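There are 2 protein chains.
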Amino acid sequence: MPRVIVDVMPKPEILDPQGKAVHGALPRLGFAAVTDVRQGKRFELEVAAADEATLAEVHKIAETLLSNPVIEDYAVRVAE
Amino acid sequence: MPRVIVDVMPKPEILDPQGKAVHGALPRLGFAAVTDVRQGKRFELEVAAADEATLAEVHKIAETLLSNPVIEDYAVRVAE
Chain A
1 MPRVIVDVMP KPEILDPQGK AVHGALPRLG FAAVTDVRQG KRFELEVAAA
51 DEATLAEVHK IAETLLSNPV IEDYAVRVAE
Chain B
81 MPRVIVDVMP KPEILDPQGK AVHGALPRLG FAAVTDVRQG KRFELEVAAA
131 DEATLAEVHK IAETLLSNPV IEDYAVRVAE
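Residue numbers (the numbering used here), protein chains in the order written: chain A, 1 to 80; chain B, 81 to 160.
Heads up, a few of these hints could be off.
Estimated spans, in silico, between C-beta atoms of each pair [what the hints assert, rightly or not]: (1) B:Pro107 x A:Ile5: 18 to 26 Å; (2) A:Leu15 x B:Glu93: 30 to 38 Å; (3) A:Lys20 x B:Arg108: 28 to 36 Å; (4) B:Arg108 x A:Gly24: 36 to 44 Å; (5) B:Leu109 x A:Lys20: 26 to 34 Å; (6) B:Leu109 x A:Ile5: 17 to 25 Å.
Just so you know, the hints here were simulated from the structure itself, not pulled from any lab data.
Since we're looking at a predicted model, the values are computed, not measured.
In this text, a Cβ means the ideal position worked out from N, Cα and C, and glycines have one as well.
Construct the complete structure from the given sequences, taking the supplied hints into account.
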């Protein structure tokens, strides 16, 4: 079955407390290579066929149910 | 600055209540094309250089801080 991936990330101008918390923990754990962290969500949607109608529906789902368009951006792509 | 993406998903054999909740909501909202949903996390890590040492450190971070290896799988890749 084809899978469609929806990535939901906080908009760049929005504060991201979860990402900040991870970033703040890194030096305490001895990690120095990472300069910033943003945390978002990833959804894997299994679909019968990854055709145009289905992808249009997934975009609608991503916009209305999986993300909050005021504070989050989403991206839809078909998994290889 | 190069960015490294860490995707963290529940292992296939692990129950995923968040994904199930999304999947259960879809028919009620009039969406019929999706047959299964899994929900995970996506991290964007900004690094000074995406070299081998940095990627090794990011793998270590993903394993110890970003995921729970008992119930989650993670994947690391450099963003284009």
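Hints the structure fails to honour: none
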